[in-house]
Amino acid sequence: MDRQQVIGMVMMLILLTVYFTFFAPDPPVEEPIVATTESAVQPSQVSADTTTTAFMPLADSVKDSQLKEKFGAFAAIASGKNNEVALENDDFKVAISTKGGFVSSVELKNYKTYDGKPLILLDEQSSKMNLSFGGQNRNLKLDDFYFKPSVTSKKVSGKDSVTVTLRASLSTGQYIEQAYTIYGKGYEIGYSLTTKGLDNYLSQEPVVLQWKNDVKRVESDLKDSRIRTTINYYTIAGETDELSATSEDLEEETISESIQWVAIKQKFFTAAIIANDGFSGAYVATKYAVADTTKVKEAMVSLTLPAERWKTSGLVGKLFFGPNEYNTLKDVAPEFSSNINLGWSILGWINKGFTIPVFHFLEGFMTNYGIIIIIIVILMRMILFPLNYKSYMSMAKMKVLKPEIDEIKAQYPDDMQKQQSETMALYQKVGINPLSGCIPMLLQMPILFAMFYFFPNAIELRQVSFLWAHDLSTYDSVLNLPFVIPFYGDHVSLFTLLMTASTILYTWSNSQMTTVQGPMKTLQYIMPITFLFFLNSYAAGLTYYYFVSNILSFGQQMLIRRFVDEDKIKLKLEENKKKNANKKKSSFQQRLDEAMKAGNASRKKK
Numbered sequence: 001m002d003r004q005q006v007i008g009m010v011m012m013l014i015l016l017t018v019y020f021t022f023f024a025p026d027p028p029v030e031e032p033i034v035a036t037t038e039s040a041v042q043p044s045q046v047s048a049d050t051t052t053t054a055f056m057p058l059a060d061s062v063k064d065s066q067l068k069e070k071f072g073a074f075a076a077i078a079s080g081k082n083n084e085v086a087l088e089n090d091d092f093k094v095a096i097s098t099k100g101g102f103v104s105s106v107e108l109k110n111y112k113t114y115d116g117k118p119l120i121l122l123d124e125q126s127s128k129m130n131l132s133f134g135g136q137n138r139n140l141k142l143d144d145f146y147f148k149p150s151v152t153s154k155k156v157s158g159k160d161s162v163t164v165t166l167r168a169s170l171s172t173g174q175y176i177e178q179a180y181t182i183y184g185k186g187y188e189i190g191y192s193l194t195t196k197g198l199d200n201y202l203s204q205e206p207v208v209l210q211w212k213n214d215v216k217r218v219e220s221d222l223k224d225s226r227i228r229t230t231i232n233y234y235t236i237a238g239e240t241d242e243l244s245a246t247s248e249d250l251e252e253e254t255i256s257e258s259i260q261w262v263a264i265k266q267k268f269f270t271a272a273i274i275a276n277d278g279f280s281g282a283y284v285a286t287k288y289a290v291a292d293t294t295k296v297k298e299a300m301v302s303l304t305l306p307a308e309r310w311k312t313s314g315l316v317g318k319l320f321f322g323p324n325e326y327n328t329l330k331d332v333a334p335e336f337s338s339n340i341n342l343g344w345s346i347l348g349w350i351n352k353g354f355t356i357p358v359f360h361f362l363e364g365f366m367t368n369y370g371i372i373i374i375i376i377v378i379l380m381r382m383i384l385f386p387l388n389y390k391s392y393m394s395m396a397k398m399k400v401l402k403p404e405i406d407e408i409k410a411q412y413p414d415d416m417q418k419q420q421s422e423t424m425a426l427y428q429k430v431g432i433n434p435l436s437g438c439i440p441m442l443l444q445m446p447i448l449f450a451m452f453y454f455f456p457n458a459i460e461l462r463q464v465s466f467l468w469a470h471d472l473s474t475y476d477s478v479l480n481l482p483f484v485i486p487f488y489g490d491h492v493s494l495f496t497l498l499m500t501a502s503t504i505l506y507t508w509s510n511s512q513m514t515t516v517q518g519p520m521k522t523l524q525y526i527m528p529i530t531f532l533f534f535l536n537s538y539a540a541g542l543t544y545y546y547f548v549s550n551i552l553s554f555g556q557q558m559l560i561r562r563f564v565d566e567d568k569i570k571l572k573l574e575e576n577k578k579k580n581a582n583k584k585k586s587s588f589q590q591r592l593d594e595a596m597k598a599g600n601a602s603r604k605k606k
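In my numbering, the protein residues as written are 1 to 606.
If a hint is listed, it holds; no wrong ones were tucked in.
Capping the alpha-carbon separation at 16 Å, the derived lysine to aspartate or glutamate pairs in EDC-like fashion look like this:
1. Lys-185 x Asp-91
2. Lys-212 x Asp-143
3. Lys-216 x Asp-123
4. Lys-577 x Glu-404
5. Lys-185 x Glu-325
6. Lys-99 x Asp-123
7. Lys-216 x Asp-115
8. Lys-93 x Glu-124
9. Lys-399 x Glu-566
10. Lys-128 x Asp-143
11. Lys-185 x Asp-331
12. Lys-109 x Asp-91
13. Lys-390 x Asp-565
Derived from the structure by calculation, the hints contain no laboratory data.
Computed from a predicted structure; not experimentally measured.
Let the sequences and hints guide you as you build the complete structure.
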């Protein structure tokens with residue numbers, strides 16, 4: 001060992017001797033050891049708890065300070081927990097979020113989606129409502145604030161009703177309150193949004209209610225759903241308008257006049273906001289959600305409420321979430337039934353005054369909608385019988401005159417104007433109006449077009465099957481093609497084929513009674529072929545109606561033909577010819593002759 005090592009060992013021995021002599025602990029005892037162990041743990045725990053507790057007031061203080069800086073006096077309602085208030089009646093379930101206080105989801109209990117799932121009209125993922133307002137030089141939004149509900153859930157039925165309030169209180173006598181009233185039946189929700197004691201906090205800027213809704217897909221035919229989904233609105237002045245439903249581009253409009261209601265309307269369902277005193281202006285927009293097949297369109301609505309009304313009466317009105325059923329919509333608000341496209345002017349009158357009442361009347365006696373459609377066709381045929389009879393009699397007279405008309409054509413083979421002039425003279429002699437056969441047919445056209453609007457929009461036919469059609473509100477496909485035929489589609493509709501065949505049969509039957517020859521005789525078959533392409537993707541209920549109507553019209557025509565004696569018609573025409581032999585030409589015939597002479601003169605000059 002070297003000198004340093006020896007010194008080191010001596011020093012260690014000295015230190016150990018001193019320690020054990022003066023500082024050695026008492027002999028260990030079992031119980032005190034346990035006590036010592038427990039007490040040894042406690043200081044550590046207390047220290048940790050004390051440290052955590054020491055920091056918590058500081059964290060809360062910082063958070064409160066941040067909320068105060070961001071929201072001012074409204075910081076008192078800017079923290080809380082988001083819960084849902086569940087409301088239910090016989091027809092729907094509604095959830096209201098306590099964060100923001102707006103409707104967060106709606107389920108229509110009596111309807112299903114195309115794939116049999118519960119029909120959720122909107123939910124938190126698809127729909128977002130918010131209200132922006134100015135307060136204490138800040139731009140505030142209700143979605144940042146928490147409301148305390150008067151109840152957490154409520155179910156009503158029959159004639160009962162309930163009003164649920166959600167209140168966000170800054171302090172005693174100072175609050176924002178939303179109230180929802182639901183009734184035992186129906187799809188309307190009474191709604192009010194008011195403030196109290198906040199005049200000194202609220203600015204003079206208008207309030208904006210915003211609603212973004214990604215319209216959920218609930219029908220099988222996505223293409224048809226998209227071209228029937230849009231935003232409708234109604235002005236205080238009494239006018240309705242809408243965005244283009246068929247455009248694939250962004251459709252938007254800024255409305256400067258006051259509007260009473262705005263609706264996001266789908267093919268069979270509507271979600272709407274109605275204000276008793278109206279909104280001072282609005283911005284509405286829709287856009288195709290091309291890449292997402294789970295939603296139909298993206299819709300945006302911004303509604304402006306004057307600041308003065310926000311401070312005083314607030315927003316008072318109602319919400320609507322329900323089906324596009326005429327009797328349901330017509331009582332919601334003025335012109336609210338326009339969310340169903342029943343056709344313009346006289347077409348709408350026919351559907352509202354006849355088709356819908358008869359349809360619902362028959363529903364009370366039977367549930368087979370295929371039979372109901374047949375009965376409606378029969379009623380229509382009975383109403384139109386006088387017109388059909390008159391039209392047929394006119395065609396029968398034309399058929400009797402056909403030999404004489406053929407003689408005129410043979411006499412003037414190269415002079416069309418002379419043929420027309422002589423033919424018109426013949427009509428005058430026998431007392432026939434050449435338009436008498438067309439007018440009855442034209443008078444029937446509004447009814448045919450009215451059905452064109454009624455059946456594709458009739459929610460009564462939604463998901464109703466008949467024969468091979470699983471849903472009369474959309475096309476019936478008996479064959480799905482592996483390719484797309486231009487202007488036709490990728491499927492074959494059997495009702496459309498039957499309608500086309502029956503139309504061709506009816507056209508052929510009529511052609512036997514007319515004097516039409518040449519290209520015109522061929523052209524009359526073009527329309528049925530056109531309808532084959534045009535109506536292939538339309539509602540099966542519509543093409544089924546047209547098919548049944550054609551069959552009954554053909555049968556009606558055959559029945560009339562059996563009771564019409566063409567010999568008597570010919571005898572009557574001969575009597576008219578003798579009676580009118582010396583009769584002057586009518587003013588119409590004179591003008592026609594003058595026009596023909598002028599035309600001949602101009603051609604000779606050339």
